[in-house]
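First to last, the protein sequences are chains V, L and B.
Note that this note's numbering gives residue 38 to position 38 of the first sequence, counting from 1, and the numbers run on in steps of one.
Note that this note's numbering gives residue 97 to position 97 of the second sequence, counting from 1, and the numbers run on in steps of one.
Note that this note's numbering gives residue 159 to position 159 of the third sequence, counting from 1, and the numbers run on in steps of one.
Think of the hints as simulated: they come from the structure by calculation, not from any bench.
Treat the hints loosely; a few may be bogus.
Unchecked claim - Taking lysine to aspartate or glutamate and the DMTMM-like style, the derived pairs with C-alpha atoms no more than 20 Å apart in a straight line are: (1) Lys185(B) to Glu118(B); (2) Lys583(L) to Asp99(B); (3) Lys127(V) to Asp382(B).
Unchecked claim - Pairwise CB distance ranges (calculated): (4) Ala115(V) to Arg195(B): 42 to 52 Å; (5) Gln324(B) to Arg7(V): 30 to 40 Å; (6) Gly577(L) to Pro160(B): 50 to 60 Å.
Keep in mind it's a predicted model, so treat the numbers as computed, not measured.
All C-beta atoms in this analysis are idealised placements derived from N, C-alpha and C, irrespective of residue type, glycine included.
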Amino acid sequence: MTTYHLRVNGREHAVDTDPDTPLLYVLRNDLGLNGAKFGCGLGQCGACTVTLAGGSVMSCLVPVSVVGARPVGTVEGLGSAQAPGTLQQAFIAEQAAQCGYCIAGMLMRAQNLLAANPKPTDAEIRKHMMPNLCRCGTHMRILRAVRRAADAMGGKGGKA
Amino acid sequence: MRRAPDSPARRRLLAAAGSLTMVFAVGPVWPQDETPLSKGKLPGSLEKAPWLDAWIRIEADNRITVFTGKAELGQGIKTALLQVAADELQVAPAHIVLVTADTARTPNEGYTAGSHSMQDSGTALRHAAAQVRAVLAGLAAKRFGIDAAALSLRDGSIAAPDGRRLTYGELLAGRQLHLRADPSVPVLAPAAHTIVGKALQRVDIPAKVSGGAAYVQDLRLPGMAHGRVVRPPAPGARLLDVDAGAVARLPGVLKVVRDGRFLAVIADGEYRAVKAAAALARGARWDTPATLPRDATPAVMVRALPTRPNPILARGTPGAAGRTLAANFSKPFQLHASIGPSCAVAQLVDGQYTVWTHSQGVYPLRDALAELLGAGKDTIRCIHTEGSGCYGHNAADDVAADAALLARALPGRPVRVQWMREDEHGWEPFGPAMLTAVRATLDAGGRIADWQYDVWSPPHNTRPGKAGNLLAATHLARPFAPDTPTPSPQPEGSGDRNAIPYYVLPNARVVHQFQPGAPLRTSALRSLGAYCNVFSIESFMDELAQAAGADPLAFRLAHLADPRAIETVRSAAQGFGWDKYRKPPRRGRGFAFARYKNLAAFCAIALEVEVARETGMVRITRAVAAVDCGEVVNPDGVRNQIEGGIIQSASWTLLERVRFDERQVLTRDWAQYPILRFNQVPERIEIALLDRPGQPFLGTGEAAQGPTAAAIANAVADACGLRLRDLPLDRARLRAGH
Amino acid sequence: MDRSQRPRKSRRRTRRLLLAALALLVLAAAAWAIMWRPAIDPQKQVPAFDQATIERGRRVAAVGTCAACHTVDPSRPYAGGRALDTPFGTVYSTNITPDARTGIGSWSEAAFTRALREGVSRDGHLLYPAFPYDHYTRLAQDDIGAMYAWFMTRPALDAPARDNRMTFPFGFRPLVAFWNILYLKREPWRPDPQRSAEWNRGYYLSEALAHCTACHTPRTRLGGTDFSRHLDGGEAEGWYVPALNVHSPSPLPWTREHLAEYLRTGIAPDHAVAGGPMQATVENLRLADPRDVDAIATYIHGYLAQAPARATRASQPGSLPVPQEGDADLARMRAGHAVYVNACARCHEVGREASSGAALPLQKAVALYDPDPRSLVHIVRDGIAPPDGEPARWMPAFGAILDDGQTAALAAYLRRYGAGQPHWADIDNKVRKARQP
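Generate coordinates for the entire structure from the input sequences, incorporating the hints supplied.
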């Protein structure tokens with residue numbers, strides 16, 4: 001067991017855990033954050049997507065010992081149920097969820113896109129979201145929600 | 001008496017109050033004794049739980065709690081039921097707390113499955129709430145000493161014209177309505193609905209987009225320990241030996257459990273449990289015999305299984321003259337493949353088990369666990385806690401059994417068991433492989449004069465009720481034997497669901513070739529046999545239409561009699577622009593129609609695909625669906641289910657196949673078992689809802705699976721001339737051409 | 001002084017100037033003659049082809065791996081648009097569907113043949129040798145004709161060519177003519193009478209069609225294939241491409257069967273997985289006639305088998321060792337070992353459980369034995385993902401998870417303690433460069 005100092009959603013945390021513990025388990029079990037979810041542990045489904053130094057990562061593949069000082073962002077950092085952020089508002093407005101299990105990962109994956117490219121085309125959104133799986137078939141709404149959030153954030157990209 | 005101004009609210013009350021006059025006239029309203037007041041079947045699940053206070057409780061402080069035996073699976077049922085109850089009770093939905101499937105608190109409504117929830121629970125709640133409203137009105141009328149017609153209901157209270165007002169809670173003063181349901185109490189007329197029929201925002205979504213605790217996977221209890229089960233490498237594997245001692249000494253390990261072939265480890269931290277389980281797996285030696293038919297196609301494999309023919313239709317006389325066509329269709333084993341692998345938490349305290357589970361049936365699960373643990377049913381409480389979408393009988397019950405067994409091994413502490421991805425892909429009950437054979441004769445006029453259909457299928461229902469249907473139970477030193485499945489009768493059916501076409505066929509014979517077992521465990525996957533049967537029938541209808549020289553749409557319309565079916569078909573065709581369609585290069589259109597179970601929702605789908613034969617890539621450019629599901633409670637919920645059904649069915653149809661060699665299942669993760677990703681999702685989906693206010697609710701959640709598969713196959717045939725009859729229509733098959 | 005009194009020197013100088021001007025003119029004319037090629041008239045009507053020829057063309061194109069460069073989006077086969085980074089700039093592949101306006105729809109078989117044999121487009125402009133016509137030039141005419149039948153019967157797709165981004169002066173296409181003088185050997189392929197029919201078939205397919213040496217042989221400064229170093233390794237798209245001859249870095253010997261399986265499926269079990277540019281090659285070979293792939297394996301294996309047997313860590317099973325106390329670079333080795341143990345070993349040592357697809361034990365990974373770390377860094381950064389919608393092995397991408405320092409430490413550790421090989425020089429810079437997207 002080692003103590004790791006993590007910066008998550010802008011706040012410092014000290015966590016005692018084994019060096020090979022994936023960040024996913026640290027976020028959920030040590031920090032009590034529910035957003036990132038266990039879907040496969042293999043980096044194939046994206047349910048665990050968070051941002052690491054702004055880059056989109058599968059937290060199930062990130063051993064806590066490599067995080068270092070790089071800031072971690074989870075869906076909790078985008079807003080709360082009472083005060084949802086722009087992306088979250090877009091997902092609520094489009095009712096972009098069925099079982100909802102994949103949605104936090106989708107939000108973080110979309111967040112990564114909009115931070116780098118505020119005016120994505122529809123084709124760019126589709127391509128960017130590919131690493132994330134949805135089994136319920138909510139894809140059309142997710143795409144509309146990301147488009148809605150992009151438009152709300154000021155960019156006005158359109159169809160490719 | 002001064003006539004009170006007319007208003008819809010008053011009219012409703014009059015109607016309700018009038019019909020209860022008889023009830024009030026005979027004396028105290030409640031508590032009622034056990035003698036039934038009226039004979040006849042009660043609506044929906046009221047038949048199983050006829051007491052009003054099983055469904056609705058109102059406290060003195062006006063808190064309203066509504067109970068349903070159904071579970072939220074992500075299909076939006078919580079929101080829809082809230083809408084139904086809130087409308088009848090004349091309160092805002094936010095005023096109601098909805099409690100779902102809990103063996104200690106809610107009625108027993110069996111499984112949340114088969115698209116029954118609105119029919120069973122929605123109907124029950126509608127009538128129960130209407131009756132509660134009527135009782136409250138009667139009480140207020142008595143208390144105010146005025147005619148019930150003069151009352152008005154608002155925000156959970158009832159007011160007299162002179163301003164006197166009492167809340168529901170004050171009227172009941174803490175007493176519960178232990179009254180039998182009375183089916184004669186009228187419900188709101190459709191025109192009076194203010195909440196039902198509106199796209200109310202789902203109550204669970206805000207938490208799901210912001211990391212709120214929403215799933216059984218998010219449950220955290222004090223002192224909770226983490227378990228992982230090490231499954232055998234294959235169904236037939238035998239455990240030779242295992243080095244449990246080394247694992248028991250790993251950091252954080254609290255206990256290693258071994259009971260026959262059931263191997264598990266419990267640790268104080270989740271990842272420590274994962275690592276310990278991997279170590280336990282490495283330390284185990286198994287004998288894995290070759291028991292699976294490695295190279296057989298699904299069609300060949302299914303055909304070879306023991307079969308019990310079960311004729312389900314014998315109409316008219318065979319042997320009509322004309323041109324005869326025949327075809328066989330098949331589907332492979334397929335996965336539910338829930339995004340979140342199954343999870344459960346269980347705790348044993350003072351002889352009482354509590355199990356938090358996303359099982360579709362908490363009551364049957366409880367019975368199975370009681371048998372498994374050798375405990376009384378009243379010592380086990382199963383509380384439904386949402387999981388990720390299950391799409392049928394996935395591993396939810398199995399993991400609940402794992403958790404219960406581990407809770408028993410570590411009494412006092414809650415134990416959380418989370419299946420890994422390989423566990424879920426390898427061990428969930430699969431959607432069965434199926435084979436169909438259809439043969440039809442066209443008369444001189446191009447109409448179907450004879451129809452013969454056979455469907456071979458392993459079981460579609462091995463849900464617990466019996467302990468032997470829980471995976472762990474079959475691995476114990478003294479194993480429980482799985483139940484012997486039996487076919488479900490029509491019209492529900494199992495492998496034969498939707499095997500009887502909805503078309504007018506004067507001479508038709510349908511045989512369900514029921515197969516009690518298969519080399520791999522199988523159970524219910526969304527729409528059961530309907531997916532393969534509708535795929536087969538609707539593909540073949542296109543082949544018949546072509547042989548008759550008819551447009552596929554016109555051919556179907558010529559064989560439909562039900563006006564609602566006809567309207568659904570026309571609506572989809574019109575939305576697609578069927579009559580105006582001009583086929584672009586590399587593209588084609590396909591159509592399919594079915595009425596789920598021949599008694600639930602009507603669904604017609606027209607879609608266009610683009611096919612690249614060189615790479616095998618099929619892209620859906622447009623999908624247009626028309627749906628008639630009776631009275632629509634939440635239009636957005638229905639659209640979500642149909643869109644989701646189309647996309648999920650497209651994934652099954654274009655990609656999905658469980659693969660195995662002679663020893664074990666090979667498709668253990670998303671790399672080996674790819675499902676549809678954003679790049680292959682249709683470009684556009686449009687859905688027309690044919691709302692029928694006043695008509696019964698019709699189950700919708702599974703209505704799109706079958707028609708989508710056939711529409712895709714028909715569109716591929718139109719695009720490139722390739723008539724493919726064996727699912728999936730994957731890239732390799734499209735490249736090869738067969 | 002008057003003109004009749006001008007010295008002889010100045011008259012000679014004038015004559016020399018005139019001669020020089022004439023020589024320049026002749027050179028310019030010669031250069032123009034070298035660089036200019038005529039257009040071939042557009043063909044109005046596409047001829048008919050028989051099924052057998054078309055199917056043969058499909059198989060030839062599969063071995064030629066045309067789709068590897070000319071198909072970007074699997075739902076638009078052969079529409080082109082793939083960027084190929086070369087030392088001379090970025091070249092985009094073109095649309096080779098029979099679209100009249102944006103593809104090769106108006107190309108006659110003669111035009112198609114000239115493109116494959118001489119690198120000249122129908123309208124006369126020279127093609128960049130990123131298109132390996134210096135290999136295809138040796139194809140038999142009936143193979144070219146079969147490919148023509150295949151491509152001319154594909155669905156026409158509208159996809160205009162993208163503008164290349166060449167570094168100056170290579171944007172001036174006619175310069176390629178001089179490259180052709182140096183490197184385009186217009187001689188037909190001939191079998192080697194000393195060898196078996198199978199070997200010769202593999203020789204023909206590898207050299208003339210699959211163009212293995214285009215990547216697996218080093219190139220000269222001017223980008224031509226250095227045939228004196230046949231199969232000595234090379235580079236492609238930022239990857240190091242291993243030698244397939246006596247200098248093969250592979251830590252384990254290859255059998256011919258291993259190689260054939262690898263070429264057909266992308267995996268030689270417990271040995272190697274195709275990554276990077278080789279993935280596209282394998283995707284194409286998968287669709288070829290298996291006998292042709294076997295022949296290629298026979299031919300290449302003839303060279304690969306010459307690599308001397310050597311004892312490497314690849315034959316030592318088990319966990320990779322902990323860095324030793326005396327290691328001169330101990331801090332970095334420990335850092336790399338920590339990354340390996342915490343991020344990689346979970347899959348690469350033992351797999352997560354007995355039945356899930358376990359990853360290659362890294363002491364067997366060819367990339368660790370390469371003379372430079374580029375391929376390893378690419379694999380770690382991008383992973384190895386299956387083609388869309390098709391089942392295959394999948395290594396996830398770690399590019400956003402590990403930073404430059406962690407990747408360099410991991411590479412250094414794996415080189416020494418995984419492969420037991422001498423350290424890679426200048427590893428920090430190499431890693432940083434290779435990690436650029």
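Consistency of the hints with the structure:
Restraint check for Lys185(B) and Glu118(B): the C-alpha separation of about 10 Å stays at or below 20 Å, so the hint holds. A C-alpha spacing of about 18 Å is found between Lys583(L) and Asp99(B), which places the hinted pair at or below 20 Å, so the restraint holds. A distance of roughly 16 Å separates the Cα atoms of Lys127(V) and Asp382(B); the hinted pair therefore holds under the 20 Å criterion. Against the hinted window of 42 to 52 Å, the Cβ-Cβ separation of Ala115(V) and Arg195(B) comes to about 59 Å, which falls outside the hint.
Restraint check, Gln324(B) to Arg7(V): a C-beta distance of roughly 35 Å satisfies the suggested window 30 to 40 Å. For Gly577(L) paired with Pro160(B), a C-beta distance near 30 Å fails the hint of 50 to 60 Å.
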